[in-house]
Each structure stands twice: as C-alpha cells, then as structure tokens.
Amino acid sequence: MKKVCRLDGLDCASCAAKIENAVSKLDGVSAASVNFMTTKLVIEGEESRMDEIMEQATAIVKKLEPDVVVRKA
Amino acid sequence: MKLNENQKRLIKTLIGAAVYVLAIVTRREDSIYSLIAFLAAYLIIGGDVLWRAVRNILHGKVFDENFLMSLATIGAFIVGDFAEAVAVMLFYQVGELFQDYAVDQSRKSIAELMNIRPDFANVQRGDTLVKVDPDEVKVDEIIVIKPGERVPLDAVVLSGSSSVDASALTGESLPRDVEAGDALLSGCINISGLVTARVTKEYGESTVSKILDLVENAGNKKSQSENFITKFAGYYTPIVVIIAVLLAFIPPLVVPGATFSDWIYRGLIFLVISCPCALVISIPLSFFGGIGGASRRGILVKGSNYLEALAETEIIVFDKTGTLTKGIFQVQQVLPEGISADELLEIAAYAESYSNHPISLSLQKAYGKAIDAARISGVEETSGHGVTAQVDGKTIAAGNAKLMRRLGIAFTEPENAIGTVVHVAQDGVYRGSILIADEVKEDAKRAIRELKEAGIRQTVMLTGDAKRIGERVSGELGLDRVYTELLPADKVEKVEALFAEKSPRGKLVFVGDGINDAPVLARADIGIAMGGLGSDAAIEAADIVIMTDEPSKIATAIRISKKTLRIVKENIFFALLVKAVVLLLGALGIASMWAAIFADVGVAILAILNSIRMLNVKSIK
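Chains as they are written, first to last, in my numbering: chain A, 1 to 73; chain B, 1001 to 1621.
Chain B with its partners taken away, still in its complex shape:
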C-alpha cells in the first residue's frame, strides 16, 4: 500500500512535470493563458502540499514544511515568477519522493540486518510434529530443528548431532558442532543434521529476542548529536522564517529604490531553505546504521549515545581473567620430588577437591579420575594460603609459598615460573610443585595493537593475580600499565583514579566478563562485557556487549563508532555550510530559487546517501 501511494505520487508528479514543460514551451509574456497553464501544473504537482498546509494550520500547527513550501511558491506566483514557483514545488516533490525512497530502503536494509527472527518452531505434541509460532512454545517442550532451519528458542540438545552457524549472532563464520547435552542458542542456523532439543527458555527470554530487542531499542537512547539537531531544528526554522519576513518587507520600506518584488523574492529563498530535514533524517540514520552493522559483527551497542561516546575513548581498562586471557587454568608442569608425577597430581587433586576455585578445578581436570570422597577427611582451607587435608590417613598440605613457610616446610621455587605454583607436602615432607597457568587469548595481542592504532592513549590491565603473572601477561600483550593483586573493591578505586588522568571530553572504557565486575562496568563511562552470547548477566550489566570471546572486537567497535561520527559530522558541517552560504547569497540577491532548492532538497538527499554508507559496515575490518 505504501508503495502504491509512492507510485501514485510519482505518476502525479510526472504528469505535472509534463504540463510544466508544455507551459514553458508555449509561454507568452503577460498572457493569462500562460498563468493558467503554470497554475494547472502547480496544482497537479503541489495540490496535496497546499491541502496539508491548510489542514495543519487548522490543527494549529503553522511552521511545517508544507506551509513553508506553499508560502514560498504562492509568493513566487504573486511576484510573477511563475516558472520558478512551479519548479520549487516540482523539485520539492521529487526530493520528497527520493527521501521516502531512501528512508524505505534503509529501513529495509536495517530489517535485513535484523533478519534473525525465527518464523516457526516444530514442536512435538503427542505423536505429531506441529509447526507453531515460537511465541507459543513453552519451556520443556520438545522441538525438532531440521537442517537449514533457524533454532527458534534457546534449548538443549536431546538427540542428534549437527553443526550450527551462529554468524548472525556473533559474526563468527566458523560453524560449531553440537551434540546431545549441548546448549543451542536461538537465532543460530542448523546446518547439517536433524536435532531434537528440549526448550529451556520461552521465546521472549530467548537469546534471539533479547538481541533483537536490544538493537531495535538502541535508537531510543539518543546521542548528543541527535539531541543537538532536534534542539537546533527547534530554533532554526522559526528564526529563518522571521528573517524571511523581515527581509521581504523592511528593506523596501526603508531603503530608497528597493522594490517589494525583489526583496520578497529574497525572503522566499529563505523560506525554501528553512527546513532542517537533511540533518533531522540523516543523523539518526547514521547511528542506526552503525548500531545495526555492529550487531552483525557480534557487537551489541545499547544506544546511540554509547556508540557516539566510544569514539572519544582515551583509556581502556581491561580485567585480565576471562577478558584478555581465556580464564581456563591448566596444569602446565608437574615437578615431583621423591614421588611420581601421577602420585603428586593425585594427592594434590584430593587435597583440593573440596574447593571450586579455578586452580582446584584445573588440578582435578588434570588428574582426570573421579574423586573418592571416603579417602579424604579433615579439610582445612586457609584463605590466601591453601589447604591441608587428610588423604589416605596422611596429612597433605597444598598451597602457595606462604603456606609452606607457615608450616615450616622447606620448598623449592620453580625457576621462571609464569603462573600459579601449588606446593605439595605429605606428612611434612616436601613432595614437589605443580605449575598452573591461564592462557592468553589468540587475538589479545592484536587487539591491543589495533586499539593503539585506533588512537587509544592508554591501555591498562587490572587483575587480582600475583604481580609476577600480571606483569608477564601485560608485557607480552604490550599494555601500557598493569595493576596487580587487587581485590574486587580495589578495582573500582583504581578506575576512579584513572578517571583523573583523562581529559574532560575523553572517555574511560572498562572491559570485563560481566559476571563479577558489575560495579566497575557501571562506574566506567562505557562498560563492555565480553562473551555475552548466552550470558544474561553480561547483557544486563554492560553498555556494549561483545557476543564472542574476542577482545579484538573492541577495536572493531571503535572503528565503527569513529566512522559513524565522521559521517555525522560531515553531514552536519556540509548541510549547515550549504544552507548558510545560500542564505547569505540569497539575502544579498545573488542566489536564485534554484540554489535554494538545492540547499533544501539536494542537501537532504546527499546527506541521506552519505548516511546510508554506514549500513555497509562490512568494509570495516
């Protein structure tokens, strides 16, 4: 229906244009026939504009573009510039048609960007498979996803195996294999096999609806540029209109020899330029394009304001574990003394088996066998030191150097150890040490380098880990500064201190995993959470969510932000400059109505075309 209306308008405008050409060709000066021909063309082209102007005035709304255009063109008729009057209306209409088309197109491309909404779910009900709307599926119902179909709701695989493509959610094109027991996220596409799964979340709570919701509503948090333009438009139009009126009537009354027709013409030029459309449309469009494009790359930005602020980033503060490193601790080295490596691992794993600290978990994983709880008793954990426990009737002490010293056991510190060292003693006899370390993420080094290239002044790492480990990781990655051995509360304090070091306009970004750093995420100008896919906590806490585990996406986000801002500034500058120049020339009597049409419609179209570039963010690495 929308298209039909546009087509109708197009046909009407074309007929009007034909009549207009006819009127020009057959033009005779001072002939009533010519006036009628031009009037006919004018009414065919601009009848609806006149009608809307009248209707809006009746509604008490005066300064709208319909009214301004009507006034400008009627004025031109009265002054005797028939051809120009019709031309203004004609180009205004062509411009409007084009603008509508451009807006429609960009709305379509945005809809396409967000085309991850599943259309249906195959639900097992009784003995049959029913195709229903994902909204109607309840938790714990069984769904079947065939190859090529989109996963409709978050679910867990019961049977079947396949690989799924999560690129629409994460931008990651490598498919992931899933089998029984694995979680399936809605929005992914099932590539190869038939999968039966049990629904874990209702549609409204599922990943795909959360992402869609977030991206669609991102435009609601407006950027400073958008607020500026809205405010600016509120002053711009009335001021230009008032100047137009003054220009039309004051000089002819005051200046000797000035004619009304000349000065009214100049005033009319002002009226034509008085609409701020170019800015009002193109700027939200740029932001929306940027946010939509970022979401395609697995970066969810919760508002235009955050996308705007990101371009001003000066300091980026990283949490270490889970952000720059994988957060997965692994046993790197076993250094036994007097017993076998397997035995050492076994007694350490047993002693630590009551703790769920990542270090203990990695010991148990390396040990690889089930823990027989009957063999352990008398577990005693000393925070910051380690554990002592009875294993098979022997006293095992497992912990750091402090624990060994406290127990008065001589130990050897492994040389150049990077990571956490667990010393183990059995009945007071030193049995060796186990080295456990976290691994740096593959793209972490590149991420830091790209951030530097993007103009970030300082990269800082905060960690609760030992100085030695923190400094080693930071040195390897090329961070500017590192603060180690911090408690969670210290992190907020350090971030507070860093705030003092940035310039007033600069922004401080904190990057964490969103799980235990919510206070810092909230305190920073922009909080970025990593690995958001499937983690509600991360999505809740942060302003920007990186769906994958890749820190290099932060640099991508900053590049998208900078490009968006550049387009926005180009548009503001270009539109205001052209308008100002034409207004000035118009006031001096140099610019014609044609220049005014360009300053209004032409600039709007160019600004929109410039903004549309933002929808194609594939070009940004």
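Next comes chain A alone, as it looks inside the complex:
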C-alpha cells in the first residue's frame, strides 16, 4: 500500500535525499520517495506493517532533521 505524509519545514534538499534513502531501506518498505518541492514523503510497503513503518520513518526524520514535523497529508 501507499502512504503519503508531509514533511513540514523541510528546507534542506540533501537531507531530503538522506531521509528518502534511509526510509527506503526500512524492513517492509518496497519504495520510498521524498519530493523536496511538495515536501511529501511517499512510502510504499506492506500494509500489515504500515504502522510500524510509519513509526520508524518518523524516527528517521526526527534523527536526520529534528526541525521537520511529520504530518498526515
């Protein structure tokens, strides 16, 4: 399934690339993409594990870019 969330306050493009890279390597994620211009994070992954994936993705964002707030799109 596909899940979309917004990354509010995302203002560093290389951090966007790092977030994308780290999230796409998470277990159960088949693809992840950060769109710097629309500040959207799109995660494709196993439906049953989506809550867990979202939690981990939020943690990654927090770690890489503490000023960014993850918000539901």
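Treat the hints as calculated values from the structure; they're not laboratory data.
Some clues are possibly wrong.
To be verified - Cβ-Cβ distance ranges computed for the label pairs, FRET-style:
no.: 1; chain 1: B; residue 1: Ile1074; chain 2: A; residue 2: Ala31; range: 39 to 45 Å
no.: 2; chain 1: A; residue 1: Arg71; chain 2: B; residue 2: Lys1569; range: 46 to 52 Å
no.: 3; chain 1: B; residue 1: Ala1497; chain 2: A; residue 2: Asp67; range: 54 to 60 Å
no.: 4; chain 1: A; residue 1: Lys25; chain 2: B; residue 2: Pro1238; range: 15 to 21 Å
no.: 5; chain 1: B; residue 1: Glu1136; chain 2: A; residue 2: Arg71; range: 46 to 52 Å
no.: 6; chain 1: A; residue 1: Glu46; chain 2: B; residue 2: Ala1018; range: 26 to 32 Å
no.: 7; chain 1: A; residue 1: Asp67; chain 2: B; residue 2: Val1581; range: 54 to 60 Å
no.: 8; chain 1: A; residue 1: Arg49; chain 2: B; residue 2: Ser1592; range: 51 to 57 Å
no.: 9; chain 1: A; residue 1: Lys62; chain 2: B; residue 2: Ser1592; range: 57 to 63 Å
no.: 10; chain 1: B; residue 1: Ile1590; chain 2: A; residue 2: Arg71; range: 45 to 51 Å
no.: 11; chain 1: B; residue 1: Ala1489; chain 2: A; residue 2: Glu46; range: 18 to 24 Å
no.: 12; chain 1: A; residue 1: Lys25; chain 2: B; residue 2: Ala1522; range: 25 to 31 Å
As the list claims (entries may be wrong) - Listed next, the stretches of chain A that the computed footprint assigns to chain B, with coverage defined by at least 3 CB atoms under 8 Å from CB atoms of chain B:
no.: 13; stretch: 3-17
no.: 14; stretch: 42-50
Since this is a predicted model, take the numbers as computed values, not measurements.
Every residue, glycine too, gets a C-beta built ideally from N, C-alpha and C.
Use these hints to put chain B onto chain A, whose structure you have.
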C-alpha cells in the same frame, strides 16, 4: 510561522552583521577586546549553526553542513583569521536565508501552477443549497455551479447553459459551450450562466484530483540527473573533507618550511566548499518547474524521468486515426448509378445498420433518419469485405471492391478516391459508391514540421488503413515513413523493428489515443496518449498525456524537456566547474575564504535562480 522564523533569523543576522562591522572598525591587533567583539558577532550570527552541529553529532550524524561550517569557522578563529571566520558564517547565513526564500517562492509558484483545486461545491440537499467540501459530495447528488465558480466534480449538465473555461486543464483558452446532457469536467471555470448538474464521479476520481495527483507525484519518479546528483553528493562531501584534513596536516609535517596556519587555512577552504547544496536543490527544482509548466499547457508528464528522456527523442511513431487525423469519418461523396443519391445512402445505411464500425456510423449519420429495424433481415457480415442484408425484401450488398468481385458484380472505382469506398449493389445490380474519409487534424502538419525543427530524426506513421489512404495522409503531412494495413499486433512488431534503428541513447516515442494501443504505448520508451481530458484509459496507459487533441503539443513538450535539460546541465557544469577551480586554487594557496564562500553559497543561489526560469514556461511556444 515559517515567515516569522525567517524574519527572526534575518533580524538576528543583521544585528550580528552590525556587531561585525563595529568589530572591524574598532579592530586592534593582538587585542583581547577585538577577539571578544568578533566572537560576539560570530555567536550572534552562527550560534544556531553551532548548536545544530552539536545536536546532530549527538544524533550520530557528522558530515552535515552545520558541522562543516562550524569546523571551518572555528578553525579560522584558531588560525587567527577572526574577520574571515565571522564573514564565512555571515555569508553562509545570508545564503541560507536567500536559499530558503527562493525555495519558498518556487514552492509558491508551483502551488499556483496547481491552483486548480476547487474549494467547495454547492449541493442541493432537500430544498436548500449547501456549500460543502467537494470531498463530501456523493455520486448522483445535484450540484449548482454559478458563474465564476470552478466545477468541483465531474458531472453532467441537467439544466442551464453556459460556457466553460478549461484552460487550467488543457491550456486551451477558447471557452467551450455546454448545455443539458453535456459532460462537465472538474477544474473548469464556469464563465457565463448558472448550471445545475448531476455528479458522475466522486471527488477522488474526478479529473481535477487525478491531474493534481499526477503532477504532484511526478517528482517521485526521479530522473537520471537527480539520481546522479544524489549519488555524487554521497561521495563528494566525504572526499572533500578527507582531502581537507590531509591538506591541513600532511604538508606541514612533510614539507620543510610549511606552516600549520597556512595549510589549515587551505584545508578550511575545502570544508567551506564541501557542501553540494547548489546541485541538490536546483536540479529537482528545474524538473519540477518543467513538469508544472507543461501541465499548464495541457501536457501531463508522469515523472521527471520521462521529461528527461523526451529530450533524447530520435524516432516518433504515430498512430494515424485519432492521433494525426480526427478519427471522425464523414461521407465525402455519393456517386449513385441508376438511383438517386438519397436512395443510395438509404440502402447503404440500412445494410450497414447492424455494425458499429466507424464507417457504418458515418453512413448512418449522413443518412440522418432513424433506422426502422423491421425493414432489415438476414444480415451477414464478412470480415474484411462488407455486409449483405435484406432491405425491403431486396438483397443489398455493401462493402469494398473485394466483396463486389466475390459476388461477381461489375463496379466502377471512383478516380483519385482518397478514403474508404463503399460499393453498393441491389439484387445483384451495381448502384454506385459512397466515399468516406477521415479528416486530418488542423495542426497535424505544423506538428510534424515543428518536430523536425526540434531535431527529431524520423517521424513514422502506423495505420490499419489501406495503403492508398495511409500514404496520401503521410505525404500530405510530411512524415518520413508510413506502414499501412497493419493489424494491432503488427504495430508492436513494427515498433520493435524501429527500435533497432535508433542509437543506443536515443528514445523512441509512440503517440496514440490510448484506447486500443496500450501494448505499443507500454513497449515504447515513452508512450504519449492524445486527448486525455476525461479519458481514464489514456491517463492510465501513457507516460505523458496530452489533454487536448492537438499533436502540436508534442513538439511543445519536447521543447520544454530540452529547456529543462539545458538548465540542469548548465547548473551541473557551472557548479562543478566553480567548485573544482576554487578547490584547486585553494589547495595551491591562491584562493581566499571569500572565494570559497562564493563557490558554496553564491553558486547555490545562482543555480536556483537559473532553475526558477523553468517555472516561467510561458515563453516556450
């Protein structure tokens, strides 16, 4: 809130700059007072950078720009270059502010490009009209659209008439008239009259949300240039940092007479230049601008990768019907023999009335009266030949020359006929022929010419039509090659064969109407579907969707693609060149910290400004 934060940063930076100027004016060599003044300016300007650097290190993230800037400036302090240390921080902050501003602005212009989202719908519920979110409206509910309002959901007009402006969807500025029974597409603006309509699709399935979705997510399919930069950045920063460290410490230890302060300064220059920001921001921005601008012209591109590939197009293969021609067959000429033209048309229309082939439909349209099914019996269709049927008790045969020959009926072939000829015989007696033809689209010829001008090597047309018709159309439009009398499966085969003729980097584009050519659309490097407005099938099947029926939009798309790619290449080349030169000069001890600041912040700003040009694609024809 975002703006406030930027303003706060701006004010802080200005105060810091004032303190900095004061420190320079009152500067005295070797005075502890001067050091304190510079330190104060430094902390006011760069305190947050230092703080973020420390915080990120605690999070286990070392090589980020905050850390690099902190290291470079602290190093400069230690070496004794107070003024330069503060300057680096000051310009870094100014650059960041500017970068944020530029990114904000371009995000805003992109949001504006996509400002076709309807805000509300007026729904008839009970006796009253309620203003609700389009999301809450269900299929079959009745909505009212007043003049000046945006059509919130796809609907069909029940009453009222008006003209609608679909320019936000198609780029076509000419308004279209609608009246009861016509389909209304969401995203259009109602210009003149009040219209009541029945909703046909939920908001999420409506045209406007599909388009928005497509354009917003287009950035998710990344281009090769973007992937290259992401990869490049992953190597660039660590390598430059390692060289910086080596440069700072090895020569003073190895080379006689080399001092630590001199070589550390050179190493610090490397640290300042080590961020690849200019490329990392400006390249996705260019692609996004290109995609956003194209969508304004009624061209939906499903990903940066397709926009990038389009610039490499060498061969364009067109389907004929519905792509270069209107796909609407019309009776052009009626040539009766022994009966009146009306009678000929009537018996032909009756004989063909069971078929829904475009040819039959055009006959019925030309006949113009309702078909009385009781008058027909014994319809027999022979694929590739035509029909025989009993009409009013007489045997009518209607079809091509093959049918006439098979029935042993002598017939006359109209001279210079361009189109499909239907021969008609009544009880074995030849009654004449009807000429039916498809019309070439108004801009088809211009489209082919503009594609040639854009550097396309070959334009090819594929059609299931007869050789004569295909060649005539192709000659009229100026295509390089034409393949006729193809079955759908042959089209895939021909495209396969054409693949062998292009260069390895070149791309093959197939243009079709997206309805019955899905396999070819998928096989081509880039599949373009025409007339996508309101057609889900076309939007699904293709990589690029032209919302209108105009083939000339393909040339527009290629021009947008080329311009985007040119800006991307300019940025990559310019940024890397400046960085390489300053790195080299820095290593040789010629470049100062000021040059390093330009190579970092200055280049980033220039690259962003260059990319922003892409948001203004109105300048592209």
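Quick rundown of the hints versus the structure:
Range check, Ile1074 of chain B to Ala31 of chain A: about 41 Å between beta-carbon atoms, so the 39 to 45 Å window is met. Under the hint 46 to 52 Å, the C-beta atoms of Arg71 of chain A and Lys1569 of chain B, about 36 Å apart, miss the expected range. For Ala1497 of chain B and Asp67 of chain A, the Cβ-Cβ distance of about 56 Å falls inside the hinted range of 54 to 60 Å, so the restraint holds. Under the hint 15 to 21 Å, the C-beta atoms of Lys25 of chain A and Pro1238 of chain B, about 19 Å apart, fit the expected range.
Checking the proposed 46 to 52 Å range against Glu1136 of chain B and Arg71 of chain A shows it is violated: the Cβ atoms sit about 22 Å from each other. Checking the proposed 26 to 32 Å range against Glu46 of chain A and Ala1018 of chain B shows it is violated: the Cβ atoms sit about 56 Å from each other. Between Asp67 of chain A and Val1581 of chain B the beta carbons are some 34 Å apart, a value that contradicts the proposed interval 54 to 60 Å. Against the hinted window of 51 to 57 Å, the Cβ-Cβ separation of Arg49 of chain A and Ser1592 of chain B comes to about 54 Å, which satisfies the hint.
At about 39 Å, the CB distance of Lys62 of chain A to Ser1592 of chain B disagrees with the hint of 57 to 63 Å. For the hinted restraint 45 to 51 Å between Ile1590 of chain B and Arg71 of chain A, the CB-CB distance of approximately 49 Å keeps it satisfied. At roughly 38 Å, the beta-carbon separation of Ala1489 of chain B and Glu46 of chain A lies outside the given 18 to 24 Å, and the hint is violated. Hint check: Lys25 of chain A to Ala1522 of chain B, Cβ distance near 30 Å, so the stated range 25 to 31 Å holds.
Only when three residues or more bring their CB closer than 8 Å to a CB of chain B does the claim for the stretch 3-17 of chain A stand; here the count is 7, and the claim holds. Counting residues of the stretch 42-50 of chain A whose CB lies closer than 8 Å to any CB of chain B gives 1, so the stated coverage by that chain is violated, three being the minimum.
Checked against the numbered hints given earlier, this structure breaks hints 2, 5, 6, 7, 9, 11 and 14; the rest are met.
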